[in-house]
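Colleague: Listed in order, the protein sequences are those of chains A and B.
Counting along the first sequence from 1, when you hit position 169 you're at 169 in my numbering, and nothing is skipped either side.
Counting along the second sequence from 1, when you hit position 174 you're at 174 in my numbering, and nothing is skipped either side.
Don't take each hint at face value.
Any copy will do: because identical chains look the same in the list, a pair fits if it lies in one copy or spans two.
No farther apart than 27 Å at their CA atoms in a straight line, the calculated lysine-lysine pairs in the DSS-like style are these [claimed, not checked]: (1) Lys161 with Lys234; (2) Lys106 with Lys339; (3) Lys161 with Lys2; (4) Lys148 with Lys106; (5) Lys2 with Lys106; (6) Lys106 with Lys234; (7) Lys240 with Lys161; (8) Lys98 with Lys161.
Just so you know, the hints here were simulated from the structure itself, not pulled from any lab data.
For reference, the chains in residue letters:
2 protein chains.
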Amino acid sequence: MKVEILTVGTELLLGHIVDTNAAWLAGELAGSGVDCYHITTVGDHVDRIVEALSAALSRAEAVIVCGGLGPTHDDVTRDALAAVMKVALVRDDALVEKIRGMFVAKGRTMAASNARQADVPSGAMVIPQRIGTAPGLICPVESPTGSKVIYALPGVPSEMKEMALRAVFPELIRRRGSGSVIMSRVIRTWGLPESVLAEILAPRIRELDANAADSGNGMSPTLAFQASGIDGVKVRVTVKAADALSATILLDSEEEIVRGLLGDAVFGVDSVTMEIAVGAMLAEGGLTLGLAESVTGGLIASRIVATPGASTWFRGSVVAYGSGVKQDVLGISDGPVVKREAAREMAEAARRLFGAAIGLATTGVAGPDRQENVEVGTVHVGLSGPGEHTAVLSVQLPGDREQVRQLASISALDLLRRELISNSRHV
Amino acid sequence: MKVEILTVGTELLLGHIVDTNAAWLAGELAGSGVDCYHITTVGDHVDRIVEALSAALSRAEAVIVCGGLGPTHDDVTRDALAAVMKVALVRDDALVEKIRGMFVAKGRTMAASNARQADVPSGAMVIPQRIGTAPGLICPVESPTGSKVIYALPGVPSEMKEMALRAVFPELIRRRGSGSVIMSRVIRTWGLPESVLAEILAPRIRELDANAADSGNGMSPTLAFQASGIDGVKVRVTVKAADALSATILLDSEEEIVRGLLGDAVFGVDSVTMEIAVGAMLAEGGLTLGLAESVTGGLIASRIVATPGASTWFRGSVVAYGSGVKQDVLGISDGPVVKREAAREMAEAARRLFGAAIGLATTGVAGPDRQENVEVGTVHVGLSGPGEHTAVLSVQLPGDREQVRQLASISALDLLRRELISNSRHV
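Model the full structure from these sequences, guided by the hints.
Modeller: Structure, rendered in structure tokens:
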């Protein structure tokens, strides 16, 4: 089954926003085993939307169109849908009342223009809105190449996703019947440069390529890399299989091979970030964490508090930024603060201050200028605990201010992760 | 002049990456006053690239195609270009040697496959590569609708941008001759809900629409809104004018009108974030800031340290996350901590601890669950200083955990901004 994606919005053509909706929809289609060969973007312009929908319907069985369902005069996707279906737009009075009710529930009055959102092409089915005020539409179209369908979704990402998952994909999968699925898994790593990672995996990639060439059906797994700043270096495994179960078995087997090759560099898969991986180990060991952040400036803390369940193991952080703060608040010895000994002292201070089992600290130079005659990108991570254990990691990180901070944050958490692994092996 | 964008890459159709290239190119085209009405994405597939190029050339004077110029067998954009130009691909031996030289310079050996990157459609001009190994191409095409051109650029964003700025846009602008430019400015606001903002600006928008309809040339400024979480609610002014100077004058004049209507809700334009705006005021007043962050968990600190020059006014932050930390580290009174009085005490503690002129603090419930019987989204911001001054702001914020934190961060900084404005008015 082929489906095309059409995103509508003049702001996309002016480059004001990046089209994350298309990427999300494409990923979901691929995950459902639906082929998508074209993504098109046009502005809020009836004729161009009509033309793009017609072209898409001539090539595919279904089109997902996203955007242009709002209340303003710019929002003309409904008009284009009616034109493609060759029917009239009819105002749905019950829908007007529903939209009015959504405003009233928020203590507001519905503007007259919002009633436009209740205009439905005759014969289309309404997808009830749950988050925003724009309902979605399922529009059957009789075309020279058969009975097809257009799914129209709002352009606001949260509204679009909720509606796509609830009403569009289940319907699409039902329409598609059986087929093949494409699934992928992201193996997250830290500690090996991308080039080293590539070298380690090169023989396996050659092997997979050869298998694919031999079988000629393109069903062999593929591996791809992506350096992702604070999210580490990702290895993406993609497989195509007859069904989700077979695909999962292929993914599991390939993950095992990659883990075998990369060892402790792998910290998690898919949505398991470094914070989540570290948090799980701390929670399991009944350990708590306190931070002292200089170069990372609160970045580690803000990543941690976004992690579900962090309150069981995260105590807090002191962001020591102004000069003298490390001495006054953390009690660090006078003198230079961008050095290994300062990182260790800061970690001990954080541990003590927050009454935590482990203290973790960062100090370094994010740039743009050298500091204390130390080069930009130099970062020291200090660790104190559990027990008498201490450790310091010194790294030279590439990139600008923001990138140094991001890489310093993941480096710090990775030091903690590796110490916890090695602790558990020694016990 | 109309130009279309075609991005090529199966990874785009699988949703593995977001198409930031298209957004960047679209923004640059708009800034150069070139109309772009279609963006299309297809995979690494010769026939579909040929078809998409032909469709684009039937509608526009030029096409920028991006991606598929790499060395692997997947990279087939060159083949598609030759097919559209109806010419042969000819290997450019001098170009092969140049690519080989780039590898040698890095101490590496060129793989045989890289020679493919020197295949040039007969009659195309080569854009020399500076960053990667893929040269770009300028391909003249004689079509039924006239002499047109295709610019082919690599898909790696840094290589694409460098080449587009160096070779494509200057050539495009020369081709276009004189024309108009589209420019926009973002006016950033906080404190007014989007609907209230819309109501205040509605008469002005109607006026602009009427002007545009009267003149019939679409040259009147337009206003659009966008709620952007931690970045506030943005009002985007877009103008079209004969040249950059006239466009700037129009933008200045419209900005003045919008500022007149929105007053203190406006905190900055374009890249001036709330942190930058607040930082400028603190630096000007010679004031320093210390934070105590509970619900925001280090988010305010990490935003501030990303601000150039923050070290002159930012002292640090205590992220008080675990239970008891507010009492133990900040010396807050025992009892509930999600309340106005706790926010004030935390602000005073932060001010004292960091020896700052002003203390700012956040406490609240980010969710997913109620806490101390207080509803999710309830946030109190405390302010202490300068001098004897104190203030507390209580807000009820919408959204999930992450959104509540983001909105709490900007709300806190906005309280500080407004207090500084009112202070300066009373002096």
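Colleague: Among the hints numbered above, which are violated by the structure, and what are their numbers in rising order?
Modeller: 4 and 5
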